[in-house]
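Put chain B with the ligand on the given structure of chain A with help from the hints.
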Amino acid sequence: MASSREVVLGRIRAALSDRPTAPEVPRDYDQTRALGDVIGLFAERAADYRALVRRVRWDDLPAEIESSLRARGATRLVAPADLPAVWRVPGVVWSLDAPAYPLPVRTLDRSDGVLTACAVAIAETGTIVLDAGEAQGRRVVTLVPDYHLCVVREDQVVGTVPEALASLEPTRPLTFISGPSATSDIELDRVEGVHGPRHLEVLIAG
Amino acid sequence: MGRNPVTWLGSPTFPTAARTALADVQLRGNLAHATGTIRTKREAAVGELPDWERLRRAGEAIKDDVLSNLDVYLTRLEAAVTARGGVVHWARDAAEANEIVLGLVRAAGATEVVKVKSMATAEIGLNEALEAGGVSAIETDLAELIVQLGEDRPSHILVPAIHRNRSEIRDIFRATMPGASPSLSDRPAELAEAARAHLRRKFLSAQVAISGANFAVADTGSVVVVESEGNGRMCLTLPRTLITVMGLEKVVPSWRDLEVFLQLLPRSSTAERMNPYTSVWSGVTPGDGPREFHLVLLDNGRTATLADRVGRQALRCIRCSACLNVCPVYERTGGQAYGSVYPGPIGAILTPQLGAGTDDPGTASLLRSLPFASSLCGACYEVCPVRIDIPEVLVHLRGRVVAEKPAYAPEAVAMAAASWVMVSPRRFRFAQRLLGPLRLLARRGRVRRLPWPASLWTDSRDVPAPPRETFSAWWRRNRG
Ligand code: SF4
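Top to bottom, those sequences are chains A and B. Residue numbering for the first sequence follows the UniProt record's numbering, starting at 1 and increasing by one per position. Residue numbering for the second sequence follows the UniProt record's numbering, starting at 1 and increasing by one per position.
Where hints are given, some of them may not hold.
[Stated by the list, open to error] Partial pick of chain A residues on the chain B-facing surface, computed with a CB cut under 10 Å:
1. Ile-12
2. Ala-74
3. Val-93
4. Leu-96
5. Val-194
Since the hints were made in silico from the structure, they are not lab data. All C-beta atoms, glycine included, are put in the ideal place defined by N, C-alpha and C.
So here's chain A without its partners, still in its complex pose (with noise of 0.2 Å):
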């Protein structure tokens, strides 16, 4: 009996005898757009989706860290243990992640919050995206925590999602966020909050 690989194999090429002709593509959608000050739009449009979101000097990153986890209250942290060294700022309790070393999702999920760098982001739709990188950590470390701050460098804001997809590797796990956790199930409106990290603040530093 032919395998059902085959069977369904031999179902598309029966399905498709009439030879149908794969159009051209066409390609004549926007790569990039004319966005102006890119960092500002970013800035505003992650803020649309109630991110907190703050544009701070590169040198003063540390501070910057450091009160916006004063802020928060938050004084037990995650981090990747490829985190630059300067931002596991005094009077936090960091507990580092590695692929070698996980901790446990208990301790993520008792943890005050997490800390991370990106990947890229998107300024015409306010995105950040992780891509298990420098200073990003495995998936789970951003996820289970109710409490992300990530730090996006300025050079690393692109205007449209075909620029950020081409600065991307598709095959290393990817993940894109647009804001805090949210839904729209209830009567079709966007609600924050519900299994994946409530709180979302990006620190713009340049």
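Quick look at chain B with the ligand alone, frame taken from chain A:
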């Protein structure tokens, strides 16, 4: 067999179900409110992109390319997923897909699985099949949870509980959610919080998760899930084993194609610039996420649909649900009247095609009635992000019904006539004026039934009786 899983067992034909739905004033109110809100928002989200029409054309062309070379892209996807440590399974129909999934869950030693909303698994009735096999499936989407706890059926692709308003949801949670506070209010944020608390423990201990897929990239083996709440991320990241069930047509050729769909989909569906979370993974990533990944490629009527030269365009659908939100018939009847997991205009063209092989007479009669559940106003085609000409397919499928069943098909004629009246208040008033002399049929101010052809309309709806000034009112106006 006999059971066609695309439809719900024992569903009446569309006109019959529509009559019940139309009598439900609460349902109509909830629907009109929700679809009205989303329509306005969608227009704004779409209006922001100057190249929207070009994106639609690109989306259409990419999907047509996929369909024209489906065997090539699927085998390419299979190779890429396998190379990255995933396992690919092929399923001819619902029964086979369910069997594969149940076998995998058993092999993982689990008796409970967490699920993220997926049309494909709803289509094949996976939850019921798992239940029968001794595995309980926990829906983790807020709306699916509302449907599951309320022992209800979904009524919208994107917002399955759209027919419920906030106070009904509060009542369902209070009555059925273990640990829900009796003082739970109907504030959406508080309802969401209750769901969060309810599901958190399940997520943190789950061994197996089941998902659908919005897209899968043939070149790289990358699978994409688009969501809002984070329950998707939980399912895709925490459990040891991940099983993804995906319709054959969800494959896209290359990574670059996502730059089109990740713009078209969120703006068309939730009317957002971007949905809160999109997850992408390729096979298994050591040290990050599930250690086992299975991808089930589902036919279940898709290849039969592909064989129809006009009807195959329905396979371009990216399940955004924009066509539901603009459909005057959907807005009045709700999703459950379509008797299938695919409601609204897309359901009217997809369900009859996916289910065409049924040998159950009841199902066959429902499927025959569906292409008539439309007024052919064309609004669905205008909003469709992949430019599916839904009216064209409807007309084509109606032709097929008539050809198959040359004898008088009452459901067809009834629905066509009723929807003609239903779509426009002007036509409705016109129909009322025509029928003015018949107001004597009214009891307590409601016309219950009018003679044919108006019965097609009154059978589906309580019609306010044509106004007739009472004698006392006339007296007061003229003498007082
Ligand atoms: S048919 Fe078009 S508008 Fe309707 S759900 Fe599918 S993609 Fe969206």
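query: Measuring from the C-beta of Leu-96 (chain A) to each C-beta in chain B, is the shortest one below 10 Å?
result: This hint is violated: Leu-96 (chain A) lies away from chain B, its Cβ roughly 14 Å from the closest one there, beyond 10 Å.
message: Just to be careful: measuring from the Cβ of Ile-12 (chain A) to every Cβ in chain B, is the smallest value less than 10 Å?
response: holds, 5 Å
message: The hint names Ala-74 (chain A) as touching chain B; please verify it with the least Cβ-Cβ distance against 10 Å.
response: Constraint on Ala-74 (chain A) not satisfied, violated at 19 Å.
- request: Closer than 10 Å between Cβ atoms is the bar; does Val-194 (chain A) clear it against chain B? Give me holds or violated.
  value: holds, 4 Å
- request: Double-check Val-93 (chain A) for me: the hint is only fine if its C-beta lies closer than 10 Å to a C-beta in chain B.
  value: violated, 21 Å
When the structure is compared with the earlier hints, violations turn up for hints 2, 3, 4 and for no others.
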